[in-house]
Amino acid sequence: MATPIIMPKFGQMTEESAIVEWRKQEGDKVAKGDILFTVETDKSVMDVESFEEGTLLKILVPPHVNVPVQSTVGFLGKPGEAIPSVSPPAPAAPKAAMPAPTTPPVLLAGQRAPPASVVSAPVAAPVTPSSQPAAPPALFRISPRAAALARQCVIDPAPVKGTGPLGRVVERDVRQYLQSRGYDKLRVTPAAKELAAKEGVDLLGLVAAGEGRISLAEVQRAIAEKPKAMSKMRQIIAQRLTQSFRDIPHFYVTVPVDMSDLIAYRNVLKAAGAPYTVTDFISQAVVLCLLEFPTVNSSTDGRTIRWHSQVNLGLAVSIEGGLVVPVIPDAGRLTLTEISATSKQLADKARAGKLTPDEMSGGTFTISNMGMLNIQNFSAIINPGEGAILAVASTLPQPVVREDKILIRQIMQITLSLDHRLIDGALGAQFINAIRSKLEDIELWKRLTS
Amino acid sequence: METFDLVVIGAGPGGYPAAICAAQLGASVAIVEKEQLGGTCLNWGCIPTKALIAAADTFAKITHAQAFGITVTGASLDYAALIAQKNKIVSQLKSGVKQLLTANGVKLYTGVASFKDRHTIALSDGSAIGARKVIIATGSTSAMPGFLPKHERVVDSRGFLDIPKLPGSMLVLGGGFIGCELACMAAQLGVKVTIVELLEDILLLLDPDVRREVRGNMEKGLGIRILTGKALQNIQAGDKDVTGKCGEETLQADLLLSAVGRKPVTDGLHLENAGLQTGERGFIETDDCCRTKVAGIFAIGDVTGKVQLAHYATAQGLAAAENAVNQKPRPHDTLVPNVIFTAPEVGTVGLSEDDAKKSNRAVKTGKFRFAGLGKALASGETLGFVKWIADAATGQLLGAAAVGPHATELIAEATTAIRAELTVQELGRTIHAHPTFNEAWMETAHAVHGEAIHAAPKRKG
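Chains as they are written, first to last, in the numbering used here: chain A, 1 to 450; chain B, 1 to 461.
Keep in mind that the hints were calculated from the coordinates and are not lab data. Treat the hints with care, as some may be off.
Unchecked claim - Have a look at the derived ranges for each label pair, beta carbon to beta carbon:
1) A/Glu26 <-> B/Arg429: 52 to 62 Å
2) A/Glu26 <-> B/Asp355: 49 to 59 Å
3) B/Cys246 <-> A/Gly27: 33 to 43 Å
4) A/Phe245 <-> B/Gly130: 41 to 51 Å
5) B/Glu219 <-> A/Glu26: 46 to 56 Å
6) A/Ala82 <-> B/Gly216: 43 to 53 Å
7) B/Gly279 <-> A/Pro249: 47 to 57 Å
8) A/Gly27 <-> B/Asp209: 44 to 54 Å
9) B/Lys230 <-> A/Lys344: 49 to 59 Å
10) B/Glu35 <-> A/Lys226: 50 to 60 Å
11) A/Gly27 <-> B/Asp355: 30 to 40 Å
Ideal placement from N, C-alpha and C gives every residue a C-beta, glycine not left out.
Isolated chain A, as found in the complex (with noise of 0.2 Å):
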């Protein structure tokens, strides 16, 4: 009997997922251990591994489907044994016409436990649209004459108005379009009409330039322009900030902050071995102050605030095509050693696009950091579900008025975001400067590091 091979569930809040790409073939020998496809899910790419060994028999659900996790993808098993009769799941249905049960999914930082008013939140639609049961094919709609004409033509006859039976799309009707439409003058080389028959690109659509015809290299350009599907990761990082963008008002508030003596003192500390970054200490600082002010470590949705009890710290990070928000947990109750050593080994985790699921959910305050990208100023936007986001900018040399002279201090500008339905101008204010004055406090700094 064939063993089925099981969509695996990735994390706790994993409920659906899309194959990428299968890396065996019908037909492969497959050992223990071998990588049997890649899985996208909502907030991840990871490699699945087969726990058997045998051939692989059939693939029930092709790259680039959602389906539910734990379905059956595939079949294993000896050359030639019988396969269940197993109908391929179901694509999971686009859940922004439903209420979704759960939380819905989230690639930056998420809730620990699902917010009640943000369950009906639009989920990101599946990575292709073929992938979704189109509304039923329109056989009527067009004539097999009329469809091998524009097929012959390379244009597309969706625009047609049909004339025919229950406007019946004609062979008439597409003569009457290309006419209208100009056809007869237009001059495509041989090679470049093949091309666009071949990637289904109208020539209707496409512009002559230099002599007067549509060459290869205008189709081409058409090829490359055509919208192709954002990748999973790309679709949850859009979702999710419009919806941030579009439901939670933003405000903004900067301070300067001068560094000179923290970077100094770090150096000092590195030089004794000691492995700090300035994230660590801005990290920390954050940690200090969110625990002094818990309205900043809160969420709403409007209508109801929820208060975190601890302070979950989301840490941005730039990776390949996007970013991932990696959270420590609980970081109110770690040292600035555990904090520094959390943050790396996560870093580096989501570099090497080794983060769990659940090691990227829970945040209650995100940290984006640019500061290594050379940048004067930036805001960031928040993550739903957390109440502010911190943008930490480039430490620059700048002239600075101390007691009527001008002194050269290095200089960081701080950017914080706010959810102004929880947290008020003046809150925002007293928090963002108690960041600045914690990192300018060089005696709170030896005391936590001795």
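Given chain A's structure and the hints, the job is docking chain B onto it.
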């Protein structure tokens, strides 16, 4: 100081058409030439070598006409007369160029040009002319490696054309197209030729199957000795001969022809006065519209180091002239046929089979040998083949190669077809006159789909 809309530096196959084109567009144009109108192509390159090669070819035909029942005894070659004929052709063409330039109102200056600044060109007689725009078309010259002795028995291709009589034996250093063309020519006229090439094969830019065809005939048909993957060292030239060590062996000949490549001519131009620098290899970098990095200064031809062929320089020249005179920039074409006048001749255009396969696309090729063509058999010229390289998905013609009789002429059809973005199907359906060598293209197009009428079907599977 007289000021022109455009000053062209160099009157070779790039420069003089550029000057004429700009003049025809209404610009006031001056052209500066330090040596001879027509440049390397007309004086020491394409044209004179073709005169010699035509003679060698005719000589070979006369002495190898037994198959047609023609036996010629006592055929002999008067090399001095041939050189005189060559010189006559060259001077005729040169005066033609001069007439064309004058008739179009282009003002001629003789001397070495150098930049005083972006808009002033100093001439070697001490005078200067003003230039609103400049086209640099100074070309290239043979690179003579430093290890070669300076001796009359050691010549470059230009020096070779001036020798009064053919040597009995000749060493050719370098198996590029210049070395191979002159080697074939000399061998056909009875010179004992040895080619030494450092790389693993001669004519390395060609596909292996094309190379094999040429090399096979050069070695077996013409008796040329070809040593590849070897350096020629310790070269000594004396009164009697020139010698060199090639591995263990000492090679000896009456003459050594160096044909190891060409280098750009920028000496004396004082490009720095115009704010222009040459690239790493000494070439002047340009974009598709022949613009250099300095506004108003264009460069074309060999000095740009792209494709070192006269017809490419001409194409660049015309685009540069238009771009210098008009406001709207026009890129020059980049599909360049490449022709080699060896025996057999070679013509290629577009992607080679190797490059097409490397370009990460599915390609299909078709090949048809002249031996299957009536006209080739009737003419007694059956060596070689033509080949199409096409995109497997769309049938787009990507490249072509011809090796064999009239290959350098045949490549024109392929160039037009590729430029027009024809597919292999359409080329195959195009009616080709019978009996002609051109039919090979049609047969080859059918062969891409395994549908050649005049070749045995390939066994499937």
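- Item | A/Glu26 versus B/Arg429 beta-carbon gap, inside 52 to 62 Å or not | 40 Å Cβ-Cβ, so the 52 to 62 Å window is violated.
- Per the hint of 50 to 60 Å, is the separation of the Cβ atoms of B/Glu35 and A/Lys226 within bounds? Since the Cβ atoms of B/Glu35 and A/Lys226 sit about 54 Å apart, the hinted range of 50 to 60 Å holds.
- Query: B/Gly279 and A/Pro249, beta-carbon distance inside 47 to 57 Å?
  - Reply: holds (56 Å)
- Do the beta carbons of A/Ala82 and B/Gly216 sit within 43 to 53 Å of each other? Taking Cβ atoms as reference, A/Ala82 and B/Gly216 lie about 59 Å apart, which means the hint is violated.
- Within 41 to 51 Å or not, the Cβ separation of A/Phe245 and B/Gly130? violated (60 Å)
- Task: Starting from the range 44 to 54 Å, see whether the pair A/Gly27 and B/Asp209 falls in it by beta-carbon distance.
- Result: Given about 36 Å between the Cβ atoms, the range is violated.
- Is the hinted range of 49 to 59 Å satisfied by the C-beta distance from A/Glu26 to B/Asp355? violated (35 Å)
- Query: That 30 to 40 Å hint for A/Gly27 and B/Asp355 (C-beta), does it hold up?
  - Reply: holds (34 Å)
- Message: Assuming the hint says 46 to 56 Å, is it satisfied by the Cβ distance from B/Glu219 to A/Glu26 or not?
- Response: holds (52 Å)
- Query: Does the Cβ-Cβ separation between B/Cys246 and A/Gly27 fall within 33 to 43 Å?
  - Reply: violated (55 Å)
- For the pair B/Lys230 and A/Lys344, does the Cβ-Cβ distance stay inside 49 to 59 Å? holds (57 Å)
In terms of the numbered hints stated before, the structure departs from hints 1, 2, 3, 4, 6, 8, listed from lowest to highest.
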